[in-house]
Amino acid sequence: MINRQADQASGLRQLAALGAEQGVRVFAVVGGRTGVGKTSTVINLAMALTRIGKRVLILDENPRHNDVNANLGLKARYDLQHVINRDKLLDEVITRGPGGVQVLTAMRGIHSLAKLMPRDQDWLINSFGEISQLVDVVLIDTAIGAASRVVSLSLASQQVLIVLSGSGQSITDAYALIKLISQEYARRDFLMLVNKVASIAVGQAIFDNVAAVARKHLSVRLESLGCIPFDDKLQRASHLCQSVVDIFPDSLSATSYRHLADGLLRSAYPGNQDDGVENFMQRLIRTSHIDKVDFTV
Numbered sequence: 000m001i002n003r004q005a006d007q008a009s010g011l012r013q014l015a016a017l018g019a020e021q022g023v024r025v026f027a028v029v030g031g032r033t034g035v036g037k038t039s040t041v042i043n044l045a046m047a048l049t050r051i052g053k054r055v056l057i058l059d060e061n062p063r064h065n066d067v068n069a070n071l072g073l074k075a076r077y078d079l080q081h082v083i084n085r086d087k088l089l090d091e092v093i094t095r096g097p098g099g100v101q102v103l104t105a106m107r108g109i110h111s112l113a114k115l116m117p118r119d120q121d122w123l124i125n126s127f128g129e130i131s132q133l134v135d136v137v138l139i140d141t142a143i144g145a146a147s148r149v150v151s152l153s154l155a156s157q158q159v160l161i162v163l164s165g166s167g168q169s170i171t172d173a174y175a176l177i178k179l180i181s182q183e184y185a186r187r188d189f190l191m192l193v194n195k196v197a198s199i200a201v202g203q204a205i206f207d208n209v210a211a212v213a214r215k216h217l218s219v220r221l222e223s224l225g226c227i228p229f230d231d232k233l234q235r236a237s238h239l240c241q242s243v244v245d246i247f248p249d250s251l252s253a254t255s256y257r258h259l260a261d262g263l264l265r266s267a268y269p270g271n272q273d274d275g276v277e278n279f280m281q282r283l284i285r286t287s288h289i290d291k292v293d294f295t296v
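Numbering (numbering that gives the first Met the number 0), first residue to last: 0 to 296.
Simulated from the structure, these hints should not be mistaken for laboratory data. One thing to keep in mind: the hints can contain errors.
Taking lysine to any residue pairs in the SDA-like style, the calculated list, with each CA pair at most 25 Å apart, reads [unchecked claim]:
no., residue 1, residue 2
1, K87, Y77
2, K114, G99
3, K114, I289
4, K74, I246
5, K178, R282
6, K87, G72
7, K74, Q234
8, K215, L154
9, K215, G225
10, K215, S166
11, K87, Q234
12, K74, H110
13, K178, K215
14, K215, S181
15, K178, D207
16, K215, K232
17, K74, G22
18, K178, A145
19, K114, D230
20, K178, D188
21, K232, R50
22, K114, Y77
23, K114, G128
Take the sequences, apply the hints, and build the full model.
Laid out in structure tokens, this is it:
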């Protein structure tokens, strides 16, 4: 099945060559609370990336009833735990979605990493190595709540994208998450997207305020990826279990997601972590003991 996926991706390789020298890009997409549009951002960003020739794998930590597959009207029969148990190969548990987006349901598997024996760790790392040449970008849709492994996923990723909305509580929760990861685990650079805003100007003002406070009190650098204005097409696409990028490509939100995809690939590339999804998995196993967190400011 891995060879078939390579055949399907062959037509995209020339378009993907621009970022090939950087290897696989791995982004953890996180939000401090529900309702900020994190999963919608992951889906629409993935679709926008496929439009410019990138091969995208979504690693989904969310529970099945509200995960990426459910939001796209897809159903996953297997998940990462089946790979860990050696019941299935990694390529066999990946769901193929619109535009060739690949979705890996991973909540159970991620939550069991800390208990793996060394031989099982090696098996999992090697399994991810087998698909490394078939992926350009990994987007991790982290779960919300105390059970999430958001910290270990963030530390294992090359870059962390914070998604917040314009609400005061969303801003507070996002700041608390940045504070935790920066002060307890020494991460100093974050990407930020302000979602569901009334206008570009409002979104930029929110980013400027958060960035100034984080720089002053946390010695953290935030890089803006822009904002996504809320429009009715975005909500309608969600109700239809599709991405706004696909069914309403001329809408303001779809245009914003295409700009976001471009900005994501142009964002500063960290040189302190090895490329490849197998190296990401190795880092994730190493940090998997970090689990329950307290998001208080």
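Against the structure, the hints:
1. K87 to Y77: holds (8 Å)
2. K114 to G99: With a Cα-Cα distance of about 33 Å, the restraint between K114 and G99 is violated, given a limit of 25 Å.
3. K114 to I289: With a Cα-Cα distance of about 12 Å, the restraint between K114 and I289 holds, given a limit of 25 Å.
4. K74 to I246: holds (21 Å)
5. K178 to R282: holds (21 Å)
6. K87 to G72: holds (23 Å)
7. K74 to Q234: holds (21 Å)
8. K215 to L154: holds (23 Å)
9. K215 to G225: holds (21 Å)
10. K215 to S166: Answer holds: K215 to S166 is near 22 Å, not above 25 Å.
11. K87 to Q234: violated (36 Å)
12. K74 to H110: Holds - the C-alpha atoms of H110 and K74 are around 21 Å apart, at most 25 Å.
13. K178 to K215: Within the cut-off at roughly 12 Å; holds.
14. K215 to S181: holds (13 Å)
15. K178 to D207: Judged against 25 Å, a Cα distance of about 17 Å means the pair holds.
16. K215 to K232: violated (38 Å)
17. K74 to G22: Violated, at roughly 30 Å.
18. K178 to A145: Status holds; Cα separation ~16 Å.
19. K114 to D230: violated (44 Å)
20. K178 to D188: holds (11 Å)
21. K232 to R50: holds (19 Å)
22. K114 to Y77: Given pair K114, Y77 holds - Cα atoms ~20 Å apart, limit 25 Å.
23. K114 to G128: Within the cut-off at roughly 21 Å; holds.
Checked against the numbered hints listed earlier, the structure breaks hints 2, 11, 16, 17, 19; every other hint is satisfied.
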